[in-house]
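Model the full structure from these sequences, guided by the hints.
This is what each chain is made of:
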Amino acid sequence: MFDRLKGIIKKEFYHIFRDQRTLLILFGIPIVQIVLFGFAISNEIKNVKIAVLDQSKDEHSSQIIDKVLSTSYFDLDSYVNSLDDINDAFQKGRIKGALVFPPKFSETLRKENKADVQIISDATDPNTGTQIGNYLLLQVQQYLMEHEITATSTLPPALINTEVEMRYNPELKSVYMFVPGLITIILMLVCTMMTSIAITREKETGTMEVLLASPMHASIIILGKVTPYLLLSFVNASLIIALGKFIFEVPVLGSYVLLIGEIILYCLVVLALGIFVSTVAETQQLALMISLFALFLPTMLLSGFIFPIENMPLPLQIVSKIVPATYFNIIIKSIMLKGATLNFILKETLILIGFFFILMGVSIKRFKIRLE
Amino acid sequence: MAVIEVKNLSKNYGEVEALKSISFEVNQNEIFGLIGPDGAGKSTLIRILNSLILADKGEVSVMGKDPNKQYQYIRNHIGYMPGRFSLYEDLSVKENLEFFATIFGTTIKKSYNLIKDIYQQIEPFNDRKAGALSGGMKQKLALCAALIHYPKVLFLDEPTTGVDPVSRKEFWQIIKGLHQHNITIIVSTPYMDEADLCDRVALMNEGEILRIDTPQNVANSFDKPLYALEAKEGNYKLIKALRAYSFLDSVFPFGEKLHYTDKRENDIKAELKKHLTEEGFSDISIEKIASNTEDVFIRLMNNQKQ
Amino acid sequence: MNSEKIIETTKLTKAFGSFKAVNEITFDVKKGEIFGFLGANGAGKSTAMKMLTGLLSPTSGEATVAGFDVFTQQEKIKKNIGYMSQKFSLYDDLSLLENIKFFGGIYGLSKEQLNERGTAMIERLGLADVSHKLLKEVPLGWKQKIAFSVATLHQPKIVFLDEPTGGVDPITRRQFWEMIYEAADNGTTVFVTTHYMDEAEYCNRISMMVDGRIAGYGSPKELKADFKTENMDEVFVKIARGENYKLQ
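Protein chains in written order, with this note's numbering: chain A, 1 to 372; chain B, 1 to 306; chain C, 1 to 248.
Note that these hints are calculated values from the structure, not bench results.
Treat each hint with caution, since some may be false.
From the structure, some residues in chain A lie toward chain B, with a derived Cβ separation under 10 Å [stated by the list, open to error]:
hint : residue
1    : D3
2    : R4
3    : K6
4    : I8
5    : K10
6    : Y14
7    : E107
8    : E209
9    : L211
10   : P215
11   : S219
12   : L223
13   : R370
14   : L371
Derived pair list, reagent style DSS-like, types lysine-lysine, alpha-carbon separation capped at 27 Å [what the hints assert, rightly or not]:
hint : chain 1 : residue 1 : chain 2 : residue 2
15   : A       : K6        : B       : K257
16   : B       : K288      : C       : K228
17   : B       : K288      : C       : K5
18   : B       : K257      : C       : K101
19   : C       : K221      : B       : K269
20   : A       : K203      : B       : K129
21   : C       : K30       : C       : K5
22   : C       : K143      : B       : K20
23   : A       : K203      : B       : K69
24   : C       : K224      : B       : K257
25   : B       : K176      : C       : K238
26   : C       : K224      : B       : K169
27   : A       : K6        : B       : K94
For clarity, every value in this text was computed on a predicted model and none was experimentally measured.
For glycine and all other residues, C-beta sits at the position ideal for the given N, C-alpha and C.
So, in structure tokens, the structure goes:
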């Protein structure tokens, strides 16, 4: 019994390590994805190019400009001379934001104790646009406060000092969100797609027929086929966590033991999903299509990885509830970023366990011991 | 003793009747041939016998067991070589064999006595990937894999299809050699001439068994005198002329010659030759010949259609 | 059949790296002949056939097909030949009529020609009832006959048949061969690859390839006499085992 299982596992590893495409998908995709998400696809405000139209060129305006440009958020593209130049720079895509000071800025400020500054931001991407606007505003307000304090040594009247604390991700780094999210997605990809393809490939090449005609029990066939992917998924998850920790400094605040346990649980769920797909699909091509369009895309879009679930319309919120990744996303973020213990994620864990038993039960029931 | 017993077995795929109430028995240590073209139902029958497909109707017993319920026993004691090459092309010869040995809970060593005559022919290529073997060698490897657990019954589904004559010949020698190991062999083939290599054959067409007998009896069962015809003008012209001949019973090309039967029972050689000469043919040769399996098959198929 | 040579090769060679898949083969096929091109898997049959049908450029040697050079006039060759194989013949998910229109169309038949020849073909095969059915619903035995008719719809000078009758029942196979006889009688040259040796006997002449070379060449009768055997199977076995036989 154990020998048979060992035999089939060994054979599966031969397949994996002899097929360069499989290896590429297994290890190439995680690395490429994490680099892409970590470096390129970033929501952070960093080194944003702005233009400045300073019609006063006096003390306050130049100090505000200095302050804005001294942060790492903004870089100067150019000083311009008219609003038309700003429009031009926006349209050419050179800048994402602009600061406009009216003439006699310091004078107005001194005389009327208030003055206008115009902040323009490119809102083609609304989130980034708003963020840029807010950041610029923040800089100007800070300057005014500091200036007021240094000038009068008293707090300005009726000014409420709000302080926002950014918990768990104080620097608002998007990579904090992407690393746990990527683990969710990649485990899904590897486990579901690879196992369903590995099983349907045997159906397609006819080798499944020989396996079925042997006395081997269906559960041994399944177990033997998925064990290698379970191991490789685990390696994969470790790789992503390590990359996240050492390159992007994403912490793991919670317990590693709990993290490992939850990863294995999630792997089992998505493996069961992969087996289920293989009982539905007869060809590798179909298995691939189902994995990509019926599983991978919903996981990507609905699990809260890219869009917050709370903002989705109700029907999609309901769909997101039956995507296992939704729960694992919560679990892994809680463990890695909040240092949660099992108590806090018990509900999600139990749901995943439920998923596993349902999927596995259905799959074993559907897995045919005969050909038709 | 009958190793396989089949009574009134039927199987449908939707509207298609793959097997139409067939019955037969296979005896211990027999080479039993299922002879027929694609679509005859050979593969379906083999898969029902080895428990991979369930029958719709009828009784099936393999080694005294029911493939529906006692499939575990059957799967433990049969060897099966499917119609297309079904080993792992990315695994080497040795890895394939080792894999199949482990899934049957045995080792190459334990089975070496049974497979050695075959295995020795492919052993020099032990480390070559199965996908890189020639057609004949793939067949030998697949056969080794099917034999690795000393099966009592061996099912070979079209083992020689698409294989060149040299490899076919070798393969049949191997099958014959398995006889001494007391293995019952059920082999299917679309090649009519391979019928002669079996102990008994079932001629199959469109889900029916047309005849079951020894190859000798099958070949001799042709119910009319059979003539082989040839003329200098070529087969096509000769066929056309014969089709217009009022005494024609049947004519069809057979290799270089035409096989012909006449409505009259007496020896018609002289008369036919005279007729053809009048039709303008020359170098006419008419020979009375013994029928073979293919002649009989064509005859039975025509009867089946009527 | 006459003595006009429609395919002629001289020392035709195709090398892949240092491996010569086809090694200096020299033979000819005459107009209206049924020529059998035999050999085991991997003997070089497919490679040779690809060169003759203009799909692959030879490495060296000379060859003409239907009067066109296989090095320089591959497109013209393609216009003058028909091709059918067991593996690829027609589209299963198109009806018989749609298949006729499609394949006739790619060989540049006009609408009138398509109508005329398509109708004539359907009538000849007695398929009027099924002409609108999808091909996958047509019985297996019919498909090969239909495929052959479609491959010759544009009245090519040569038709190449790659293992055309595998697995077909003996009656259908004979009907198929009668169609081939008929085509040859009408002057179409038929070039068949097969490893059914009984099928080889239907051919006027055959060549047999072993390891990239032509190791046997002549009419089935001559070959059987040369090797002192009763059937082509034995001839094949003897040639493949390298028994002495002088080329041509």
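Please flag the earlier hints that this structure goes against, numbers listed from lowest up.
-> 7, 11, 12, 15, 17, 18
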